[in-house]
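Participant: Next come the chains, spelled out residue by residue.
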Amino acid sequence: MTVTQPPSHDARERTPPRIALSLTINAMRYEIEISPSATLLDVIRDQLGLTGTKKGCDMGGCGACTVLVAGRRVVSCLALAASFDDAVVTTIEGVGTADHLHPLQAAFIRHDALQCGYCTSGQILSGIALLSENPGSIAEIREGMSGNLCRCGAHPSIVAAIAEVAGL
Amino acid sequence: MNAHSHARYEALLKVTGQARFEGEIAPAGLLHATLIEAPIACGELVSVDAVEAPTRPGFATLVTHDDSASLKSSAATTLIRETAIHFHGQPVALVAASTLAEAHDAARAVRIATAARPAVTQMDQALGAAIAPEMVGRFPAATRRGDVATALGEAELVIRNRYSTQVNNHHPMEPHVVVCWWEGPKAVVHTSTQAIFATRATIAQAFDMPPRNIRVLARFLGGGFGCKGQLWWPWMFWAMLASRKTGRPVRLELSRAQMFTLVGRRQQTEQDLALGFANGRLTAITHDVVAQTSAHTDYSDSTAVYSRLLYACPNVSTTHRLVRTNEPQPVPMRAPGTAPGTFALESAMDEAAERLGLDPLDLRVKNFADHDQETGRPWSSNSLLSCYRVGAERFGWADRQKRKKRDGRWTIGFGMATTLYPAIRQACRARVRLNGDASLVVQCGTQDMGSGTYTALGQIAADALGIPMAKVTVELGDTWLPDGPFSGGSQVTASIFPAVQSATAQLRAMLASMAASDANGPLGGKTSDDLDFEGELIRSRSSNAAERLSDVLARTAPDGLVAEGESAATDHPKLAATGMGHGAVFVEIGVDSALGEIRVRRVCAAFAAGRILNPLLARSQYVGGLIGGIGMALHEQTLTDRATGCILGKSFADYLIPVHADMPEFDIAMIEEDDPHLPGSVKGIGMLGSAGIQAAIASAVHDAIGKRIRHLPIRIEDCLGPACDTAQR
Ligand code: FES
Ligand code: FES
Numbered sequence: 003m004t005v006t007q008p009p010s011h012d013a014r015e016r017t018p019p020r021i022a023l024s025l026t027i028n029a030m031r032y033e034i035e036i037s038p039s040a041t042l043l044d045v046i047r048d049q050l051g052l053t054g055t056k057k058g059c060d061m062g063g064c065g066a067c068t069v070l071v072a073g074r075r076v077v078s079c080l081a082l083a084a085s086f087d088d089a090v091v092t093t094i095e096g097v098g099t100a101d102h103l104h105p106l107q108a109a110f111i112r113h114d115a116l117q118c119g120y121c122t123s124g125q126i127l128s129g130i131a132l133l134s135e136n137p138g139s140i141a142e143i144r145e146g147m148s149g150n151l152c153r154c155g156a157h158p159s160i161v162a163a164i165a166e167v168a169g170l
Numbered sequence: 005m006n007a008h009s010h011a012r013y014e015a016l017l018k019v020t021g022q023a024r025f026e027g028e029i030a031p032a033g034l035l036h037a038t039l040i041e042a043p044i045a046c047g048e049l050v051s052v053d054a055v056e057a058p059t060r061p062g063f064a065t066l067v068t069h070d071d072s073a074s075l076k077s078s079a080a081t082t083l084i085r086e087t088a089i090h091f092h093g094q095p096v097a098l099v100a101a102s103t104l105a106e107a108h109d110a111a112r113a114v115r116i117a118t119a120a121r122p123a124v125t126q127m128d129q130a131l132g133a134a135i136a137p138e139m140v141g142r143f144p145a146a147t148r149r150g151d152v153a154t155a156l157g158e159a160e161l162v163i164r165n166r167y168s169t170q171v172n173n174h175h176p177m178e179p180h181v182v183v184c185w186w187e188g189p190k191a192v193v194h195t196s197t198q199a200i201f202a203t204r205a206t207i208a209q210a211f212d213m214p215p216r217n218i219r220v221l222a223r224f225l226g227g228g229f230g231c232k233g234q235l236w237w238p239w240m241f242w243a244m245l246a247s248r249k250t251g252r253p254v255r256l257e258l259s260r261a262q263m264f265t266l267v268g269r270r271q272q273t274e275q276d277l278a279l280g281f282a283n284g285r286l287t288a289i290t291h292d293v294v295a296q297t298s299a300h301t302d303y304s305d306s307t308a309v310y311s312r313l314l315y316a317c318p319n320v321s322t323t324h325r326l327v328r329t330n331e332p333q334p335v336p337m338r339a340p341g342t343a344p345g346t347f348a349l350e351s352a353m354d355e356a357a358e359r360l361g362l363d364p365l366d367l368r369v370k371n372f373a374d375h376d377q378e379t380g381r382p383w384s385s386n387s388l389l390s391c392y393r394v395g396a397e398r399f400g401w402a403d404r405q406k407r408k409k410r411d412g413r414w415t416i417g418f419g420m421a422t423t424l425y426p427a428i429r430q431a432c433r434a435r436v437r438l439n440g441d442a443s444l445v446v447q448c449g450t451q452d453m454g455s456g457t458y459t460a461l462g463q464i465a466a467d468a469l470g471i472p473m474a475k476v477t478v479e480l481g482d483t484w485l486p487d488g489p490f491s492g493g494s495q496v497t498a499s500i501f502p503a504v505q506s507a508t509a510q511l512r513a514m515l516a517s518m519a520a521s522d523a524n525g526p527l528g529g530k531t532s533d534d535l536d537f538e539g540e541l542i543r544s545r546s547s548n549a550a551e552r553l554s555d556v557l558a559r560t561a562p563d564g565l566v567a568e569g570e571s572a573a574t575d576h577p578k579l580a581a582t583g584m585g586h587g588a589v590f591v592e593i594g595v596d597s598a599l600g601e602i603r604v605r606r607v608c609a610a611f612a613a614g615r616i617l618n619p620l621l622a623r624s625q626y627v628g629g630l631i632g633g634i635g636m637a638l639h640e641q642t643l644t645d646r647a648t649g650c651i652l653g654k655s656f657a658d659y660l661i662p663v664h665a666d667m668p669e670f671d672i673a674m675i676e677e678d679d680p681h682l683p684g685s686v687k688g689i690g691m692l693g694s695a696g697i698q699a700a701i702a703s704a705v706h707d708a709i710g711k712r713i714r715h716l717p718i719r720i721e722d723c724l725g726p727a728c729d730t731a732q733r
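Each protein sequence line maps, in turn, to chains V and D.
So the number in this note's numbering is just where the residue sits in the first sequence, counting from 1, plus 2.
So the number in this note's numbering is just where the residue sits in the second sequence, counting from 1, plus 4.
It is possible that part of the hints are untrue.
[As the list claims (entries may be wrong)] Computed footprint of chain D on chain V; a stretch qualifies when at least three of its residues, placed anywhere within it, have a C-beta under 8 angstroms from a C-beta of chain D: (1) 59–67; (2) 96–107; (3) 116–128; (4) 158–165.
Keep in mind the hints are simulated off the structure, nothing from the lab.
Ideal placement from N, C-alpha and C gives every residue a C-beta, glycine not left out.
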């Protein structure tokens, strides 16, 4: 096998284009510069270091990256960040803290609705948005949560936790 | 030891997004890496032209096979030292850049030339070239006892079928990731691995450096299921080389598509199985397995092994053969061996019951093996018969035929099957520190891939010393800690138990003598076997006397106490008894009469796997395993394009796994066992749920529509057409 490389690595410091973005995340205002091709997930997880939001597939297929934008769930890996100027975003870090858990977070702990925990942020955010849609039955919760994959198989406990908070 | 449903130790961190997974470590100057993949399934890498890549913005370095020449040759470095291409998508170079987008961009500028050779892209193209491995895991690959041919010839009933199972991929939700850097001669490796110490040992070997100079961390793992092991190492090594070349930390994370090709799969099997019966008893079993392995490494599940011992049978013959294809490498996946193996065996048992006019449950009870007939040893404990009885009662098995066979458009069916998994242990060390304020720190260099290891470690120590979980800190997932087991084969809890117990026993002895030796203290003069530990007190059993742990410590050991415990791996040749966990799974399914859709409606499973430490977390493990089994039964298959050897549909859009909407009701019964042969009566539980259920579902489908489906996954297309009796039933 032959490997051809120039003698010295002259990585030219070309500045890639950047664009300005304002975001409100968990009631904090961010004025940042982003790459035009960045997704909302890239910005939240990599650029701002809010790593509670996970990347499971980067293709909209797993729900691990779910965040709320104006209270509605969005898979942030499919959301072009540049189109979310001035958006109001909630990530898991803004849902509740150890001292002030959201009722759904507390229910997740009680029902052991997590194993590895990698899908958990997305499940909780999706669950919170679903609760605001007033699901009327277990079947509706299952249907409404089906965009959030879990490979450990915590599904029944996740649904039980949401049902408990929904009063079902 | 008391069973207690403590909440998961790290749950608070996980529900608040504060649990930091290793890929989320972000050191200054971090570079992002990506892999360049071979566009052919078989051949040779000819050249890597990287003249243009370094001119791309942010480019930092390129790592190729040339760089791997500095690594020592070993199984873990073969793919990065040798330029042979064995499967489509095999990485041929790594590019690191300032951002991931820039790494992708620079990677596109690297031109790869390959020379293709004809590839074997499917097992059936090379059946004639199948090879026979010596061993399948720790078992001999081929065994024979009794006279199978004669027994089959004389049998009153012979059930002889071929069963096949498809390739599955593990797909933990967290893809494999490494963040690594060098500190002079030392390497720091944050990576999602199920085996930090094996990872350290392989790095030490490949980079020819002392293990003490390597720190591997995996404090949180976003799942693993068998794939976060050895197949990841070559690509992790390339990230480490990139870091060494640039002097900067490097992060490499696999894409979801690469999770189909680079980190293992459940191997495809074709299983020929024959059962012979006389008077309703098994007289002969033959189980011959052909399975896929890759062109570069042989791997075989222990698929037919469990046919040697699940039932009483005097004449048994089993074989395993492997077909090498230019497809990705298989590795163990959730219930390796038992999942595909019991699918065949238990499906055939159901068919036999039908032909014999027996209830499938009665047939199993009748053929119960009261000892391990393969080794001649007794079971260390075996409550399979209780599993059958309890599961059947809770499910309502006896009354099932009285139930309606229709529910609207759904045709209903019932099925049951057996599951089993060996109970074995690895060597383990653990350290327990009791601080002056009677808080505890438990340390063990194992990892928690979601199975509850944090909780188990904490609970075992807390329980032994009578300290509440709220005062326990657990540290794991770091090679600076005492050597712990890898996370696999349902072994971790059983392995850590004796090590932690030995450490806490030492602490109890020290504390007891400290308390008793103080003549003026409340426990002065008591003997240690009179002393008990509970509620942060040392208590005399014979009197009301008690003393607070913190008082004892303040008096005699204000800085606290430390003890290390150690335990050995299962010594198979010397075993007096075979350790095995068991279960019985009962399912109710519905088949949509018009559309052929299959839905699992209800699962009731009774498991007997020693003593359960934490019923809440054990239930999660069992249910999670069963859901994995449903995926294998009804959803999951990874297909290869015959022409190119490329994996088809490498995404969650095409690879179906069970989702919330697929969930049945679960009823889990846990039957406690005292096991005099196993420390603390602890057996592993992780794998049990993922086997047996496949055959139970297939049998239920037969019960519903009258069609035997002998391959997995069972899909809609299997339940449509003239052979399916959905209308009349
Ligand atoms: S990471 Fe966004 S849906 Fe999977
Ligand atoms: S808890 Fe592991 S993926 Fe859901």
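Participant: Hint by hint, say whether it matches the structure.
Facilitator: So, going through the hints one by one against the coordinates:
With a threshold of 8 angstroms between beta carbons, the proposed coverage of the segment 59–67 of chain V by chain D holds, since 6 of its residues qualify and at least three are required. Here the segment 96–107 of chain V counts 6 residues with a CB under 8 angstroms from a CB of chain D, which clears the bar of 3, and the coverage holds. Only residues whose beta carbon comes within less than 8 angstroms of a beta carbon in chain D count, and the segment 116–128 of chain V has 9; three or more means the coverage holds. Taking a C-beta to C-beta cut-off of 8 angstroms, the segment 158–165 of chain V contributes 4 residues in contact with chain D, enough for the three needed, and the coverage statement holds.
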